[in-house]
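Novice: On the provided structure of chain A, position chain B as indicated by the hints.
Residue numbers (numbering that gives the first Met the number 0), protein chains in the order written: chain A, 0 to 411; chain B, 0 to 411.
Don't take each hint at face value.
Straight-line alpha carbon distances no greater than 20 Å define the calculated SDA-like cross-link-like pairs of lysine to any residue that follow [to be verified]:
#	chain 1	residue 1	chain 2	residue 2
1	B	K172	A	G3
2	B	K172	A	A12
3	A	K172	B	G64
4	A	K355	A	L383
5	B	K323	B	R392
6	A	K172	B	F8
7	A	K29	B	E72
8	B	K29	A	P70
9	A	K29	B	Q67
10	B	K29	A	Y68
11	B	K166	B	Y203
12	B	K29	B	R392
13	B	K194	A	Y68
14	B	K194	B	P91
15	B	K84	B	H295
16	A	K84	A	I300
17	A	K84	A	E72
18	A	K172	B	K194
19	A	K29	B	G64
20	A	K166	A	D148
To give a feel for the contact side, a few chain B residues facing chain A, derived at Cβ under 10 Å [unchecked claim]:
#	residue
21	A9
22	A12
23	E48
24	S90
25	L107
26	L109
27	G233
28	A257
29	T270
30	S277
31	E362
32	F365
Derived coverage of chain A by chain B (criterion: at least 3 residues anywhere in the stretch with Cβ under 8 Å from a Cβ of chain B; other residues may be distant) [to be verified]:
#	region
33	3-9
34	65-78
35	224-238
36	262-274
37	323-336
38	361-372
Because the hints were derived from the structure by calculation, they are not lab data.
Positions of the beta carbon are idealized from the N, C-alpha and C atoms, including for glycine.
2 protein chains.
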Amino acid sequence: MSIGWQELFARRARCITGSQIRQYFSLTEKPEIISFAGGFPESRCFPGEEISRVITDLITSDCRGTLQYTPTEGNWDLRTYLAGKMQREGSPCGVENIIIVDGSQQGLDLICRLLINPGEPVLVEEPAYIGGMGAITSYGGIPVGIPMDSQGIMPDIMEKTLLKLRKQGQSPKVFYTVANFHNPTGYTTSLERRKIVMELARRYNLIIIEDNPYGELCYEGEVPPSYISLDREGRVAYLGSYSKTFIPGIRIGWIAGAVPLIEKICLAKQTADLCSNSLGQRLACHLSREGYLDRHVKRLIGYYRRKRDAMLAAMEQYFPPEIKFSRPGGGFFTWVTFPRSYPPARELLMLALERKVAFVHGEGFFSNGGGTHCARFSFSQASLEDIDTGIRRLGELFYEVRDQAGRQAAHG
Amino acid sequence: MSIGWQELFARRARCITGSQIRQYFSLTEKPEIISFAGGFPESRCFPGEEISRVITDLITSDCRGTLQYTPTEGNWDLRTYLAGKMQREGSPCGVENIIIVDGSQQGLDLICRLLINPGEPVLVEEPAYIGGMGAITSYGGIPVGIPMDSQGIMPDIMEKTLLKLRKQGQSPKVFYTVANFHNPTGYTTSLERRKIVMELARRYNLIIIEDNPYGELCYEGEVPPSYISLDREGRVAYLGSYSKTFIPGIRIGWIAGAVPLIEKICLAKQTADLCSNSLGQRLACHLSREGYLDRHVKRLIGYYRRKRDAMLAAMEQYFPPEIKFSRPGGGFFTWVTFPRSYPPARELLMLALERKVAFVHGEGFFSNGGGTHCARFSFSQASLEDIDTGIRRLGELFYEVRDQAGRQAAHG
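In isolation and in its complexed conformation, chain A is listed as follows (with noise of 0.2 Å):
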């Protein structure tokens, strides 16, 4: 007898589907393709002998600490450290307003899970990150999307927003935001907006869900004080994590957040997996302290400004002058806008691919429909000979593509 699954599985099994683009990244993330898709860290730059060294010092000092299991809440000295870190951030926090996830897409996992019953809307930046997006649609929540300028949200459209679910009876609880060096846009929510935004979320009684994977990857000017420096509620789920600042691949996070919140996510984390890996959390606590990962980031900031650079650049020189990018002052990734009169970017990129050039078109990002003529390039992973490379075919077949459509368009 073979087994029906389908109607084994649970009713909320159905709302758990894959994101369009990891489909893509079979085709995106072959050796001999320049991709612009995934928004990985370069792992040139991962300190592998230092993490060596620690690893073994920690070992040999504290073998039983190192590699037990921890409390679900996490390393009492990482929390120490990352509440003083909130703190001189302008966020008042303790030890108690922090827990440590596997990365904050578990904090977002368990923060969705907690907040949002199935069928109710959660406000989105539109575009908004996929993970983010899967995360809030897995427990049946509705991303209603919010548009960006590059100013970041717009304020206004979210209030208009907010007084028509609420004309329909819908009063949605969360609003999930990337407010600095955006995935995908690479846009900064401005202090001015965030103010008010901050202040929607008092008279609607919203709670903001602000992650912030890329705020220390600030290459100009700083970034706005962050949503839960500005809120004097406890209405700020903050998410941090290690993966873009150190290493991926120890899957550590953390949550800083009002305690009641805190402490269900705690009893939500001990179901889920009992306790984050005290290898990564040791490590990432020992870098931390001794001011390692301070100079790291500043490492950092020098090499990915310089990609950035370079693909601005490139995109400036090869580009026909039609197609319209982003200038992020920081993170991962510029947001490409098409003229409409191209062809779609899906369409584009199976063209780029056979030039051997990969990038994200742009629909997977928006909840209903849109982003047909948008596409996400990220300049993390790829060398800076690479992202001349790239760019050039891509400018190459963009103008033959503008070509293409301007006689289609004559004989139309």
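Specialist: Just chain B now, with coordinates in the frame of chain A:
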């Protein structure tokens, strides 16, 4: 304005509650206490030097692969190794049947997320592993206990329960079991009973979640064939773990199961935490493939066998004869049953703590009451000397308790 978290939490959050036992850990795990409470592996056995050596080698030979994100399914080489291991143990697994998870607890969480609708009955052993019941109830499942005796789960009562539920219009989809050296009882389900349970699973269309953290820690004879090796339909989801046979601090386990289930688990894991930590996966893979861990498990067996023998001998010597205890063939636990004339085990624990000895009283392992006169004793962490001292102190206590109970009965 203070935030009304109870109103903000989703309905499912009501099901997420802490375990009774964890509340006691703050009492039982103080340094001055001889603790038979926690079920952790003995950290003196952690192969620290070996781990340092291998991590240094891995980072030197492939820094990128060791420290970058891995695919959600897990490291290919580790999955290949584990498929081979499952094959050697009689289950026809390929790589496509294996997914790596953050310890078997995450495996349990993801499977429950996919299979259990709120309000559905889920068959469990009685008593049952607390973390297993926690995962089930956190998704709204209702544990329905099937009693055990020294031969393990009792299939005749399982069938009666299934028939009774069917009459009530309920069809459980899942049976969760720790068939080898069960937590908390130490019992192992016999081959004969496994075959009957397998047949019941076929007839009643049950998925068996076979959680096997202790099977390799076998101190005499052999464990019976696993459910997954008896299965020809793909209705067993097997949970394997490195936590007890290697170290818990890397949080690496695996699920072996039918392809449609593994594929859906992979989608759920994408939003749950993207992937498990690559450092731990590579470490487990390397030490498994080079045969180190097989030799390590042999050493652990000798080590834990001596502890088990010491605890059983001390109980034999010091406990009043009317106190019964199980004689586990492996694992970490023995299950102690006090006469009804004694005070409840919860009260005995309070008295034991005054004498600086701890164990876990039984109620937390029962879904619907029961277990008041039972307790779980773990021999995994205490030293041989502490085992003798601790059981002797408890023996003295139990003789006093017995005398007092006898006097009260005479006066009553």
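Novice: It remains to establish, for every hint, whether it holds in the given structure.
Specialist: We went through each hint and held it up to the structure:
no., hint, in the structure
1, B:K172 / A:G3, "12 Å, holds"
2, B:K172 / A:A12, "15 Å, holds"
3, A:K172 / B:G64, "40 Å, violated"
4, A:K355 / A:L383, "16 Å, holds"
5, B:K323 / B:R392, "17 Å, holds"
6, A:K172 / B:F8, "9 Å, holds"
7, A:K29 / B:E72, "18 Å, holds"
8, B:K29 / A:P70, "14 Å, holds"
9, A:K29 / B:Q67, "16 Å, holds"
10, B:K29 / A:Y68, "16 Å, holds"
11, B:K166 / B:Y203, "13 Å, holds"
12, B:K29 / B:R392, "17 Å, holds"
13, B:K194 / A:Y68, "35 Å, violated"
14, B:K194 / B:P91, "18 Å, holds"
15, B:K84 / B:H295, "16 Å, holds"
16, A:K84 / A:I300, "19 Å, holds"
17, A:K84 / A:E72, "17 Å, holds"
18, A:K172 / B:K194, "50 Å, violated"
19, A:K29 / B:G64, "15 Å, holds"
20, A:K166 / A:D148, "26 Å, violated"
21, A9, "5 Å, holds"
22, A12, "5 Å, holds"
23, E48, "8 Å, holds"
24, S90, "16 Å, violated"
25, L107, "8 Å, holds"
26, L109, "9 Å, holds"
27, G233, "6 Å, holds"
28, A257, "7 Å, holds"
29, T270, "4 Å, holds"
30, S277, "4 Å, holds"
31, E362, "18 Å, violated"
32, F365, "18 Å, violated"
33, 3-9, "holds (count 4)"
34, 65-78, "holds (count 5)"
35, 224-238, "holds (count 3)"
36, 262-274, "holds (count 9)"
37, 323-336, "violated (count 0)"
38, 361-372, "violated (count 0)"
Checked against the numbered hints given earlier, the structure breaks hints 3, 13, 18, 20, 24, 31, 32, 37, 38 and satisfies all the rest.
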